[in-house]
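Novice: Here the protein sequences come in this chain order: A and B. So for the first sequence, the numbering used here puts the first residue at 1; every next one is plus one. So for the second sequence, the numbering used here puts the first residue at 1; every next one is plus one.
These aren't lab readings, by the way, just hints derived from the structure by calculation. C-beta atoms are modelled at their ideal positions from N, C-alpha and C, and glycine is treated no differently. There could be a bad hint or two in this list.
Claimed, not checked - Below, a list of computed lysine-lysine pairs in the BS3-like style, where the Cα atoms sit at most 27 Å apart: (1) A:K47 x B:K43; (2) B:K23 x A:K47; (3) B:K74 x A:K47; (4) A:K44 x B:K19; (5) B:K13 x A:K44; (6) B:K87 x A:K44; (7) A:K68 x B:K43.
Said to hold, decoys possible - So, partial list: chain A residues that the calculated Cβ filter (under 7 Å) puts toward chain B: (8) T34; (9) A45; (10) Y51; (11) A52; (12) Y89; (13) T95; (14) G102; (15) G103.
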Amino acid sequence: QSALTQPASVSGSPGQSITISCTGTSSDVGTYNTVSWYQQHPGKAPKLIIYAGTKRPSGVSDRFSGSKSGNTASLTISGLQTEDEADYYCCSSATTTVKFGGGTILTVL
Amino acid sequence: EVQLVQSGAEVKKPGESLKISCKASGYSFTTYWIGWARQMPGKGLEWMGLIYPGDSDTRYSPSFQGQVSISADKSSDTAYLQWSSLKASDTAVYYCARLLSTGTGGFDPWGQGTLVTVSS
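All chains, please: the whole structure from these sequences, using the hints.
Specialist: Listed below in structure tokens is the structure:
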């Protein structure tokens, strides 16, 4: 059961937009609209920022958005802020089979 | 407020057993799946398994099947993660999280994490 594939790191300047990709297969990301994304700051628990591929939980900034094309899901963060610097994980939960991506370190330069 | 509160940090020796807990509050414990995830030092999240407290239906990641046991107690709204014989490689932070639904995915909220250190 392979993990989902994410870039190891991305970077951007304040105010810019960045996109993090998450590649799975036709058995998970490609078939189910259950991709979720998590933000994790050092020493903290993960925080849900996107679920059902595109939905934001209450209280999450609309600067965060999700999308999908084929077997690849994406997280876009617009108007980068210094507090967005964190690790980001994608997750596919195909019914009760769950996979996480390897994580992406976002650096805000 | 929906909340998951995990038990405190543990220091154990190889070969010892351990059971850590995740107490839920603020919602109907029996109607949501609860998952467990491992995060080894400096590494990413790994899914370990899920339990549906309503009927104790449990699903394990193939990587953790046979290595841990997941259970739930409806009388105390608490989920558990258990080892019968710890190894040094079990040193990690363990998180529990509630699955919003199987139709949407999404784990929220997360517990604060339990650090397990296994060392001789």
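Novice: Does each hint hold? Answer for all of them.
Specialist: Structure-based check of all given hints:
no.: 1; hint: A:K47 x B:K43; result: 17 Å, holds
no.: 2; hint: B:K23 x A:K47; result: 18 Å, holds
no.: 3; hint: B:K74 x A:K47; result: 26 Å, holds
no.: 4; hint: A:K44 x B:K19; result: 22 Å, holds
no.: 5; hint: B:K13 x A:K44; result: 26 Å, holds
no.: 6; hint: B:K87 x A:K44; result: 25 Å, holds
no.: 7; hint: A:K68 x B:K43; result: 26 Å, holds
no.: 8; hint: T34; result: 3 Å, holds
no.: 9; hint: A45; result: 4 Å, holds
no.: 10; hint: Y51; result: 3 Å, holds
no.: 11; hint: A52; result: 4 Å, holds
no.: 12; hint: Y89; result: 5 Å, holds
no.: 13; hint: T95; result: 5 Å, holds
no.: 14; hint: G102; result: 5 Å, holds
no.: 15; hint: G103; result: 4 Å, holds
Comparing the model with each earlier hint shows no violations; every hint is respected.
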